[in-house]
Amino acid sequence: MKKTKKIDARKVILPHSQAKLDFYKDYLKRYIPILQLADFTTSINIFDVFCGTGIYEDGKKGSPILAFDAIKESYENTLKLNKPLTPINLFINDLEKGKVEQVKQYLESQSKGVCKLDFQNKDAIEFLTDIYCKINSQTTKDRNLILIDPYGYKNIKKELIENLVQNKRNTEVILFLPISQIYRFANCVLDEEEKNNVQALKDFIESFFPDKEHPIYKNKLSEEKDLIEYIRIALTFNDKFYATSYYIQRDNKNHYYALFFLTPNIYGLEKILEVKWLLNDEHGEGFEQPKQPSLFDEVDKENNKLEQYEKLEKLILNFITEKDAVNNIELYLFTLKNNFLKKHSNEVLRNLQNEKKINVTDLNKRDLARKGSFYLGYEYYKKCDKKIIITLK
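Per this note's numbering, residue 1 is the first one in the sequence shown, and the count goes up by one each step.
Everything labelled a hint here was simulated from the structure, so no lab data went into it. Certain hints may be false.
[What the hints assert, rightly or not] Between beta-carbon pairs, the in silico distance windows are: (1) K357 with F40: 34 to 44 Å; (2) K357 with P87: 45 to 55 Å; (3) D251 with L279: 10 to 20 Å; (4) K154 with L392: 49 to 59 Å; (5) D226 with S109: 41 to 51 Å; (6) L14 with D123: 25 to 35 Å; (7) D130 with E310: 41 to 51 Å; (8) Y309 with N265: 23 to 33 Å; (9) F40 with D123: 30 to 40 Å; (10) N163 with C384: 24 to 34 Å.
What you are looking at is a predicted structure, and each value in this text was computed from that prediction instead of being measured. Backbone N, C-alpha and C fix where the C-beta goes; we use that ideal spot for every residue, glycine too.
Build the full structure now, drawing on both the sequences and the hints.
What follows is the structure in structure tokens.
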């Protein structure tokens with residue numbers, strides 16, 4: 001039998017890596033234009049801690065090139081609107097000097113004043129410390145996005161991530177973790193070689209779960225997705241920040257990677273949830289490896305969407321029951337914290353209203369609100385504009 005040559009993931013982009021890059025690219029395409037047009041923003045800073053290869057052998061683009069493309073697109077669109085341009089800075093780092101030089105050569109040939117480029121060849125802990133100092137000197141009107149997609153985890157510390165996000169509350173982090181590896185060392189006895197290979201990652205994860213009685217150490221996880229949720233909760237740092245996850249199926253054996261997004265702002269959470277639902281309109285939870293085509297694909301897809309609708313309906317009814325009454329601000333927050341979008345809750349509420357299961361009262365008129373008006377959105381949240389209150393009939 002002819003031996004199949006193993007594909008080098010450092011030279012080409014495999015499907016799970018493409019899913020990771022799609023997540024990053026689509027968030028940037030939302031993140032940059034909003035901030036570039038916002039009156040309150042004085043600068044936008046994007047930090048790629050482990051930039052890797054710029055252009056892969058298969059012609060596909062890595063994270064630093066995708067970031068530049070998103071900046072360029074926003075720059076050109078903003079020029080057409082004749083609006084003031086918020087300065088954008090793209091900071092690119094990697095410990096391998098050759099990779100940084102490759103990215104630098106490509107971007108400097110493309111730049112043409114689109115953004116300021118900064119190239120570094122530093123150890124991750126040194127670069128992250130530099131980022132922390134830079135954030136410390138900023139005002140709250142500066143905005144930062146940090147992509148942490150490491151080869152190893154010896155320089156990624158829990159305390160540093162927390163400090164980066166909470167410092168001026170103007171910073172968001174996208175963190176990539178190999179869930180299958182974590183699941184294995186949390187639930188299996190490793191030999192010495194395996195321990196050495198994953199020790200840095202093990203130390204990083206255990207810093208979030210110091211209690212050895214935690215379910216992740218007790219073989220109480222039914223699947224790797226359970227671990228993803230525990231890590232997501234830990235990354236809220238006791239509810240100081242908002243965090244969401246996006247799983248990436250590595251193979252057809254239910255092994256996963258995951259991206260975690262941390263933000264101090266509810267609007268940032270809403271924007272990343274829009275990306276998740278754009279990439280997976282069935283449940284917005286993650287990327288799955290393509291399956292063999294089936295006659296029932298469309299039926300399965302619609303059933304999955306219906307399951308999500310029923311899940312949200314149950315969540316909302318339980319939420320109203322527990323609180324007796326909820327206003328539009330509370331329901332907006334509740335929707336996003338449960339990884340749904342306001343359009344999903346609006347649909348659920350419309351159906352509950354049509355089925356006469358809820359009362360919706362206009363708080364200004366002290367009478368029934370106009371049918372279908374639920375006022376879910378950041379524009380009401382930021383002004384604490386409580387428009388309606390919802391109760392069960």
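Going down the list of hints, with the structure as the test:
| no. | hint | in the structure |
| --- | --- | --- |
| 1 | K357 with F40: 34 to 44 Å | holds, 40 Å |
| 2 | K357 with P87: 45 to 55 Å | holds, 51 Å |
| 3 | D251 with L279: 10 to 20 Å | holds, 19 Å |
| 4 | K154 with L392: 49 to 59 Å | holds, 53 Å |
| 5 | D226 with S109: 41 to 51 Å | holds, 46 Å |
| 6 | L14 with D123: 25 to 35 Å | holds, 27 Å |
| 7 | D130 with E310: 41 to 51 Å | holds, 48 Å |
| 8 | Y309 with N265: 23 to 33 Å | holds, 27 Å |
| 9 | F40 with D123: 30 to 40 Å | holds, 34 Å |
| 10 | N163 with C384: 24 to 34 Å | holds, 29 Å |
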